[in-house]
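Asks: Residue numbers (our numbering), protein chains in the order written: chain A, 1 to 386; chain B, 1 to 284; chain C, 1 to 295.
Just so you know, not all the hints are guaranteed correct.
[Unchecked claim] Straight line, CA to CA, 27 Å or less: simulated DSSO-like cross-link-like pairs of lysine-lysine:
no.	chain 1	residue 1	chain 2	residue 2
1	B	271	C	104
2	A	139	A	108
3	A	108	B	271
4	A	262	A	350
Treat the hints as calculated values from the structure; they're not laboratory data.
The primary structure of each chain is shown beneath.
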Amino acid sequence: MNIPIFGGYQEDLWPQAFADTDVELAPASATPNPAKVGSASVRIEGVVKRHGTTTVLHGIDLQIAPGEFFVLLGPSGSGKTTTLRILAGLESVSAGHVYMDGGDVTTKEPGVRDVAMVFQSYALYPHMTVEQNIGFPLKMVGTAKEVIGRSVDRAAAMVGIAHLLQRTPGQLSGGQQQRVALARAIVRQPRLFLLDEPLSNLDAKLRLETRVELKRLQRSLGVTTVYVTHDQEEAMTLADRIAVFMDGRIVQVGSPRQIFAKPLSIDVASFIGSPPMNLLVGEWEGHAVTVGGSTVAVAVESAQSRDVVVGVRPSDLRLADGGLRARVEGVEHLGDNVIVDLVVDERLVKLKTDRAPVLREGEPVFVAFAPEDAHLFDAESGVRIA
Amino acid sequence: MTTIAAPPRSGRTVALYALAGAVLAVWAFPVVWGLLTSFKTERDVLAYPPVWIFTPTLVNYRDVLFGASSIVPNLFSSLVVASFATALTLVFGIPAAYAMARLRFPAKRTAGFYVLATQMLPPVGLIIPYYLALQKVGGLDTYAGLVVIDLTFSLPFAIWLLVSYFEDVPVEMEEAALLDRAGRLRALWHVILPQVRGGIAVTTIFVFLNAWNEFMFAVVLGGNRVRPVTVAMFNFISVEQTQWARLAAGAMLAMAPVILLGLFAQRHIVKGLTVGAVKGGGRR
Amino acid sequence: MHAGRTFEQQERSFALALLVPALAVLVVTTTAPLVYLGWSSLHRIDLGMPWLSGFAGADNFAKMGSDPRFWNSLLLTAIYTATTVVLQVAVGLALALLVLQIPKGQGLLRVAAILPIVLAPVVVGLFWRTLVLAPDVGLVDMVTRALGLGSHNWLGDPQLALISVIAIHTWQWTPFAFLVLLATLSTLPPDVYEAARLDRADAWQRFRHLTLPLIRPAVVMVVILRTMTALSAFAAIFAATGGGPGSATEILNLYAYRTSFSELNLGYGASLAVVLLAITMAISYAMFRLRRARR
């Protein structure tokens, strides 16, 4: 199935896992949208954040281009939300600087940064109507009433809630509330747009639909956007570029394609992709890697024998007549795909294919992969070698 | 409503309703009895067996309101003292509670502990120094004196109660307001305060109630000019005789505001009591 | 570390601006008077015989040790506090448990429960003194006469007086315990009880092992609050008996008051107040520690 999400990405690099986003957007270039006037460039330099004796961020460096949809991705507690809040001005830094459009905003109040944020809980003002909620930021800076009225109407129309203006948040569904939060953020045309896991409170179907709309909205507004999520699928579909966070550090920055194709560490490799990349321990010498007695060919050569972790994506594995010895544990039929659970060298390995194989539990088989599909990581540090 | 016991059989239900009725009678009877008595003549009051059917008369209310020992000035005193005490408590207490609930600043725990400790003071501990001090500066028998000492007890209580309401407001609400360029003060006014409206109402009710019902301070620090109704009750009792019916009428008038407040705001009061008791004051 | 200080500083100054007025009020209205109280307790201040006033050091406290009225007041305070609190909690809990089973009756009872609580204690005391406990014409006497138990001087008889004031206090504040416990019991999860029923626990066992532990925090809080009220009880007793007959109902609070404002011996009254203050502080400290330990 060839579902181009963003034109320009090739099918073989785009696993079927993301095929359920069954929508075709206007083909986008691989570079970020040309920025509209008023969207900021963001630079974070050496930001460290400490809470008492615990260090939450160990020196973060980022550069975000104007108009870019930039995603902060990582597991819970990895520091991505803290970084977002630092951008918003809701948290202070223990060291380092934050620049927007070249100006140092590190110590500036949230209100003066011209930044808008959509919170995970939406943080709508329950005692105000939708119209008042959306108009609030304009009211706070003394905008004239007619201007507020027009801006609110325009923002509401953009997210499709023009008919709900007189309701209060308590009378809205989760999806509608989220749109109000969005409208409130875009009504003032900020130079930076921050989103903190805005889709996590929605049910799965709504999440997918809203994801598409979010991307479309950002493209039409052209505003620099920083988006936090722990859902790697969301990150891969929405981002122009992703920064992967682990334990308070950024371990990789790149486009979704780059990160998928070349994860720089075991952590990143096992985080991206659904199901995650299979990781096996083995010895690498010459053009071959030996795993649990069996040997397979890899594309890169090693002069000396060294311990490595070999990563292969489930979709890159196939059943073969030779290769790694494996034992079938089970087969999961997912509808369009089949996932075969195997044991290789006493580790659980998953194989993904769209053709249902006929297999019995416990059956010994061989699995193989193309040499260039192997990702090699140093066994000790977890860092990518090739 | 959840019932945690096994569903009762009907005989048991009847017994329970009977018990509930008895309890209701026990709790409500002073007000009811007082009301009845206030409409009786003195003679009817002292009749034995008690007279249930009688010709009601307004003579007691007339005497109590317009007679020589009218309690109208006392009602006025109570109103002034209670209103000012309540207003001042809110003016000082609301910002303080917000600061305690939300903001980070040095010595926060100490401040919290201090507020809690002042709540534990027995009133008699303060009445003596107040009396001595006010006596020296001629502050006895003034509204200000009573209002200030009422404040000593209402303020920590109000802060304690309001803090739990402020803590219920999600932090993101304020952050959103800050990002919406409201500034801290306007964020408090436009966004936070509307959400603790219920808590403020409960606090107002309790503070007013306590100030209105206050007795010891009133009797010691008040005088001829400033004499709240609680003290005026004793006008109707002397060594020689008790003016029963008038006392009842006076008491009814004196308690009318708080009873009406209690009945109308009953839900709020119950919520306030339970919030205070269950959430606890030893959290900081 | 330049970065970040402005942000936190701003928050700090805002917080202090909000808090300082209230704290200032509290310091002026409580701490300063308390210091003055302590100072007064070290003096002899006699408004009736001013020529006797002067510094007395620890005399007042020494006098207390051999003052039988003082020890009497301590004993009465202990009895009064313990009895009223226990009664309130026991009756309040029992009522709440029973009323839980008749959901329709709860609403009405909750409204009725408000009435004793909102009445001024002084009015309650007067009311009971006149309409309820007065010999011959009072309600209680009418009942006892009708039952053939005769007429009694409920407030004039030393032994009966203590019982009477305890009854008054309990009457007024039991509804508080009732309301709080009823609300707490209403929020207990029913599925835990269903599981217990399936585990063949009978009503008493369910009460002992499920209900009691689950409502413990609320009960503790009620006990703390009611104890504080009992220790500083004044108006109702004053109105009903004035502390008498003699000193039969003179809890420490009342003793301090009477000494100061009836006998105009403010120095000694101040020292009594100091003792009461110390007792109150000690008890509340102990109770809060207990509460924390239980968590």
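Asks: Each hint: holds or not?
Replies: Here is how each hint holds up against the structure:
Note on residue 271(B) and residue 104(C): the hinted pairing holds, with a Cα-Cα distance of about 19 Å set against a maximum of 27 Å. For a cut-off of 27 Å, the pair hint linking residue 139(A) to residue 108(A) stands: about 21 Å separates their Cα positions. For the hint linking residue 108(A) to residue 271(B), the alpha-carbon distance of about 41 Å lies beyond 27 Å, and the restraint is violated. Distance restraint check for residue 262(A) and residue 350(A): the Cα-Cα separation of roughly 20 Å lies within the 27 Å cut-off, and the hinted pair is therefore satisfied.
In this structure, only the earlier hint numbered 3 is contradicted, and the remaining ones agree with it.
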